[in-house]
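Student: So you can see what is in the structure, the chains are spelled out below.
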Amino acid sequence: MPRIDGVAKVTGRARYLDDLDAPGVWYGATVRSTVAHGVLEAIDLDPGFDWSRVVVATAADVPGQNYIALIENDQPALVAVGKPVMHVDEAIALVAAPTKELAMAAAKAVRPRVRGLPAVFSVEDSLAANEKLYGTDNVFKQFMIRKGHASDADFEAVIAKAAHVIEGTYYTSPQEQMYIEPQAMMAEWRDGRCHIVGSMQCPYYVHKAMKPLLGLGAEDVVITQSVTGGGFGGKEEYPSMLAAHVAVLAKKAGRAVKIVYDRDEDIAATTKRHPAYTRHRLAVDQRGDVLAIDVDCVMDGGAYLTLSPVVLSRGVLHAAGPYRCPVVRVRGRVVATNHPPHGAFRGFGAPQTTFAYERQIEKLAIHLGEDPLQLRKRLALRKGDTTATGQELGFSVGTDEVIAAVERVAGPPPVREGTGPNGEPLRRGRGYVFYFHGAGFTGSGESRLAGRATVARTTSGRYEVRSSSTDIGQGAITIFTQIASQALGVDASLIDVIDPTTSLVPDSGPTVASRTCMVVGGLVERAAKELREKLPSAPAGEEVAVTMQYEPPPGIHFDDATYTGAAYPCFGWACCLVDVTVDLDTYEARVDRCVQAIDVGKAINPVIVKGQIEGGTLQALGWALLENIVYREGKVANANMTNCIVPTFADAPDLETILVEVPYPFGPSGAKGVGEIPMDGPAAAVANAVGDALGCAFDGIPILPEVIAASRARWS
Amino acid sequence: MSSAYIRPRSLAEALDAKAQHPDWMVLAGGTDLMVNATHRPEPAGILDLWRLPELRGVTMTDVLTIGAGTTWLEVEHHAAVLERFGPLAAAAREIGALQIQARGTLGGNVGTSSPVGDSLPVLLAFDAELELASAARGRRRIPYREFCTGYRKTQLAADELIVAAHLRPPATRTRTTWRKVGTRRAQSISKVMGAAFIELDGDVVTRARVALGAVADRPIRIAAVEQAVTGLALGAKAAEAARAALRSAIKPIDDVRSTATYRRDVAENLVARFFS
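Protein chains in written order, with our numbering: chain A, 30 to 745; chain B, 12 to 287.
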């Protein structure tokens, strides 16, 4: 089935937030901190500027509580006078004006006075806690997994018995989502209600945040998602901040106000993937079987807690990898720094720890002299095995299928040495990874969320799917239409997936965590099936609606206190092969070929699924080789598309995507999550391949040409 | 934008306007102007030369003449350029994306005089001549190698416009080459780029011009390399002589795109490769 939203998007008919206008709308602009850490002493207005034509808002204008409600309420919408400034580009004041130009001029004429304090930019300095940014130790959150041992002493005793211990520390860099549409939001107050429309993944996150901030009840805040040009996690939590800004401005201006970020502002001020340092020890016996895995991961959370604990949780839960191991210790910490808050990004903590464990497995293969893919095959988890949290894998484990799929197409490895068209010497190499990704919310999250979705036959005789799951380019509208059409037994043209507006759709949970098809699609399927049964006895001309609420599959239980049990309802499984060529004149590594075999349970729309995998793969390859956020004194120094590099199609290799289907019995038609998994593995595959080409280890990303040049002394 | 704006119908009108408004920004293709729109102060006025007929087109007689208003798309598809000025076509293809190549012009690249201007090392390697004009003094020609005087500074007088560039084609025994090393494979800004024009007698270098971009405040010729390789046969020895001569000839910098060390290493490799 072709994408329902496709034609409107490629012909320019789709109306993004910037295309929407309310009568008399004004434009907002944001006054931001230029200081990474300090105290806001005053906000001065340039007396030479004509302030009569604009509206200025500060923290004093926030009608309710000045915080962005999320996990903790530590992040203000606007820094209040007398309160701390925690990062560069933090919002201090807002202006609105009839034109963008005037708003920008006014923003420049607002002069915050900040008394500087010592700032913290590294996780080492944060952990040293000489400067206290959060609590007494700067640790936002810590998690601990223990499997097969009671104490650290027990654990070390197992390590001591090992025949080999592979040890390394791995660094993964911050990454910009670079959605094609920048953050954009518009607010208007009508009859005491605040209506907010904008580019977002999670309307109910914004709804939750606006209630205390605006001092309104649930009915008086209406959040609507506009057509959204990509999110990748970047529009998971940040839109609440922007919604707060337009809502406060609209209230003070007494008219609709919109803000569409300039690209540079978007890169500078919004969330990035958490940079992470992961120390990993892998202890094996004489036969090369894994005895123990020890992981210590530290992520830089940035200035506020935001979603960091959840990102860390996913990182920790994936850190031991999809390998059999009786004894596992994983410690994860996310710490406060004076960087802008890091946040959600496709993969959500898992790519960071996946990079570490797949570099470790590669080193083990080299150490043992064993074929890297065969070693992975030998050690991999299969049905009946238990994960690091003791979750017994009862179903939908595609290990053998994904590895076999890659083996079938791998072919001989590339010839190691060669010469390029300019006479430059070349080195080639191959890398493999095997990895998994937990689908749906972490731990008990899905049960706590209790997401709901409705399918209705309306009075007009058409059918509506009502959910708060947003289409952010990933194909949710099309997939829900397909699922509902099949379950109802009606033609897809009779089905409308309505635009998510909090006054019209139930809370299906956020559009994150590879859960939209698997979890919410499952609710849509169940609701549609029940509706189909009800319809024959329902009176014609009346609306008939069925709402379903999430119930965990039998036997799925997670204990948050001990971090044991079923961390995810199920996992996706993947195997990836990457061939690279390194140009020894320019030190550029180029991916020639990337094969991804991914177990998605069931591909409801294979074209969309392949698109998801190819996009996620390219994002991962970019992260591995090109993408680099340069922070200088806490400020993004390359906050523009010229210097904040993401891959173009010219950088994309030949992508071979193999869909493997090992059904998940509780997903719609057997489908499970696919959105994030392709992001997790390829970076390590690239590092493994570059290592293979040059004969030395690359334990950090991005593997920029500058990094390869500096490694020359280590090449074999 | 609220800048004053003039779009002259002829070169004479354009020169008069430039004389009257020497502080106005010249719009050749607009690709720099648009990038600067959100970052730099609004210009006092805009003098729009886009598609001014007297500045457009490529002609090949005994020299190649490229009008300053010729777009890179026109340059890269011109038969004579493809046949005899390969490095210029290659450089043109690396300028931004197709949309930028369809708007960006030779005059814009030369006038902006960015140290990372993609065509500029090629103009140096081919020892191009620039034709400039003013209402008061008429036309004059200067060697391009004398044109750039500092970071985005040139010999162009306040009342002058760039009219054209003239390039002599290489003789049959000439190796011409160009390579750009950017931040990615398309639409990228150079970290290092190099162009060479190497005249040969058999395999022996009789005269060489070597130019680099992105390693100094302006595109530069590397006289030390040119001298070091003259009289040597192409091959390992010439390559090493070029590498050694370059080592002390440039002082690249660290910036958000790369490092001084990397730029130096790669510049050496590129230059050595030109002569190997």
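Just so you know, these hints were derived from the structure itself, not from any lab. Even for Gly, the Cβ is constructed at its ideal location relative to N, Cα and C. It cannot be assumed that every hint is accurate.
Derived coverage of chain A by chain B (criterion: at least 3 residues anywhere in the stretch with Cβ under 8 Å from a Cβ of chain B; other residues may be distant) [to be verified]: (1) 30 to 42; (2) 374 to 381; (3) 448 to 462; (4) 512 to 518.
Interface residues of chain B toward chain A, partial, derived using beta-carbon atoms under 7 Å [unchecked claim]: (5) Leu84; (6) Val267; (7) Arg268; (8) Arg284.
Student: Run through the hints listed earlier and report the numbers of any the structure violates, in increasing order.
Tutor: Numbers 1, 2, 4, 5, in rising order.
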